[in-house]
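Engineer: Single-letter residue listing:
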Amino acid sequence: MTRRDFSERDIHMALDGELPGEERMAYDAWLEANAEMKAKAARYTADRAALRSAFAGVLDEPVPARLRQALLGETSVKATAWRSRWWLSAAAAVVLAVGGLSGYVAGIDGIGKTDNDDDQIAEQAIAAHVIYAAEKRHAVEVPASDKDHLQTWLSNRVGLKLVAPDLASEGFELVGGRLLPAGSQGKAAMLLYEDAKGERISLFVTAESAETAKGTYMAETGGPEAVYWLDKGYACAVVGSLPPERLSAVAKSAYGQLLAGISS
Amino acid sequence: MDDKKAAILSEIPRLRRYARSLLRDRDSADDLVQDCLERALMRLDNWQTGESPRRWLFTIMHHLFIDQMRKVNRRGEAAILPLEAGEAQAAPADQVETIASREIMDALQAISPDRRAALVMVAIEGFSYAEAANILGVPAGTLMSRIARGREELRGLLDDSARRRSIRIVEK
Numbered sequence: 000m001t002r003r004d005f006s007e008r009d010i011h012m013a014l015d016g017e018l019p020g021e022e023r024m025a026y027d028a029w030l031e032a033n034a035e036m037k038a039k040a041a042r043y044t045a046d047r048a049a050l051r052s053a054f055a056g057v058l059d060e061p062v063p064a065r066l067r068q069a070l071l072g073e074t075s076v077k078a079t080a081w082r083s084r085w086w087l088s089a090a091a092a093v094v095l096a097v098g099g100l101s102g103y104v105a106g107i108d109g110i111g112k113t114d115n116d117d118d119q120i121a122e123q124a125i126a127a128h129v130i131y132a133a134e135k136r137h138a139v140e141v142p143a144s145d146k147d148h149l150q151t152w153l154s155n156r157v158g159l160k161l162v163a164p165d166l167a168s169e170g171f172e173l174v175g176g177r178l179l180p181a182g183s184q185g186k187a188a189m190l191l192y193e194d195a196k197g198e199r200i201s202l203f204v205t206a207e208s209a210e211t212a213k214g215t216y217m218a219e220t221g222g223p224e225a226v227y228w229l230d231k232g233y234a235c236a237v238v239g240s241l242p243p244e245r246l247s248a249v250a251k252s253a254y255g256q257l258l259a260g261i262s263s
Numbered sequence: 000m001d002d003k004k005a006a007i008l009s010e011i012p013r014l015r016r017y018a019r020s021l022l023r024d025r026d027s028a029d030d031l032v033q034d035c036l037e038r039a040l041m042r043l044d045n046w047q048t049g050e051s052p053r054r055w056l057f058t059i060m061h062h063l064f065i066d067q068m069r070k071v072n073r074r075g076e077a078a079i080l081p082l083e084a085g086e087a088q089a090a091p092a093d094q095v096e097t098i099a100s101r102e103i104m105d106a107l108q109a110i111s112p113d114r115r116a117a118l119v120m121v122a123i124e125g126f127s128y129a130e131a132a133n134i135l136g137v138p139a140g141t142l143m144s145r146i147a148r149g150r151e152e153l154r155g156l157l158d159d160s161a162r163r164r165s166i167r168i169v170e171k
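These protein sequences, in sequence, are chains A and B. Quick note on numbering: the first sequence equals residues 0 to 263 in numbering that gives the first Met the number 0. Quick note on numbering: the second sequence equals residues 0 to 171 in numbering that gives the first Met the number 0.
In isolation and in its complexed conformation, chain A is listed as follows (with noise of 0.2 angstroms):
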């Protein structure tokens, strides 16, 4: 018997049941052998038991009457209605994280008007970004020197209660903010912050928002990526060309800052 190196590779055939089965003995003398690899496995294998106790119950529920209608050739008028909608809740990227039946049904039927409210706030943000954050010497209008009365005015303006978040962990430090238009007539407050290397990003907040969303936007290939919340009575975004994981974390902090500082 050719004796082979087992790899991370092997964990998932085995698991799902492609290892042949000359070679099991072998790949279990190698996962002993190896505690990294074991712990790896035995972690993909609770998650597949999580994966399929999540959605077990699927199995048990009746067949809805409008898919054995659709089957059978009697469809009925309400199931018409929802035909082909699916998608679209895809599409507004609210349904499927936060918003419920009622968001789902708002988004279409109030004629589409608030299904991408989270991608205005995205682009809003990402096109602030690409014009400020390259101005060396007029990025901001109120520099970070001036933090106290930049937090103070933009709050007055944007009408939220607004602490700009302490990015230093994240190697950030403020540069300053300015005020923005945002939707039809609203203000937001952009806020730009650069690490050692002068690489920028900007968080955007503002009290326009009449949806609850959550997600992360591109405008363009290669261009700034925002990573934006939505709720009711405000939004934010936080937009920069940062690796997604870094990124991501600096948003996150940013955005739990920001929260507490608005429900102060």
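Rather than coming from a laboratory, the hints here were simulated on the basis of the structure. It cannot be assumed that every hint is accurate.
Straight line, CA to CA, 20 angstroms or less: simulated EDC-like cross-link-like pairs of lysine to aspartate or glutamate [stated by the list, open to error]:
1. A:Lys251 - B:Glu50
2. A:Lys37 - B:Asp158
3. A:Lys251 - B:Asp159
4. A:Lys160 - A:Asp145
5. A:Lys39 - B:Asp158
6. A:Lys37 - B:Asp44
7. A:Lys196 - A:Glu134
8. A:Lys39 - B:Glu152
9. A:Lys37 - B:Glu152
10. A:Lys39 - B:Glu151
Place chain B on chain A using the hints.
Structural biologist: Frame of chain A; chain B shown alone:
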């Protein structure tokens, strides 16, 4: 009811489960199943009686799912981040979900549709690599790398949410 329709009817629970794992929301998932059934009825002649309609139906549904995800993506790269447990404002009311189930469902939604489909096909639906590659229309190597990356990504997301929970506990 003819035999073909009877055979398709018996596959609906599995189609619904696959759709639910792809889309999470119950109504959206059933809309996808309905689209699939209607497409299948139009192409009933493509299916040879005598063999299980399962692979045929999964192939139809997967194409519908991927086509629509592409249309969605053309508007811009809109991906969905996983929700933290406390943020879930409107979890499907029709199903009692444990926290663990909800966490893994949310994490599954956060990985790319291609990886999600590959992983679910094998890990939940129990198709072999060869069958799944055939249904998804990709080479076996691509399928395997999607499964591996999908599992890694899913585990990373679950680790993240566990870490956030422990940070919260420490902060209290």
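Engineer: For each hint, tell me whether it holds in the structure or not.
Structural biologist: Against the structure, the hints:
1. A:Lys251 - B:Glu50: violated, 51 angstroms
2. A:Lys37 - B:Asp158: holds, 17 angstroms
3. A:Lys251 - B:Asp159: holds, 12 angstroms
4. A:Lys160 - A:Asp145: With Cα atoms ~17 angstroms apart, Lys160 (chain A) and Asp145 (chain A) stay inside 20 angstroms; holds.
5. A:Lys39 - B:Asp158: holds, 13 angstroms
6. A:Lys37 - B:Asp44: Roughly 48 angstroms separates the two Cα atoms, so the pair is violated.
7. A:Lys196 - A:Glu134: holds, 16 angstroms
8. A:Lys39 - B:Glu152: With Cα atoms ~13 angstroms apart, Lys39 (chain A) and Glu152 (chain B) stay inside 20 angstroms; holds.
9. A:Lys37 - B:Glu152: holds, 18 angstroms
10. A:Lys39 - B:Glu151: holds, 10 angstroms
Checked against the numbered hints above, the structure violates hints 1 and 6; every other hint is satisfied.
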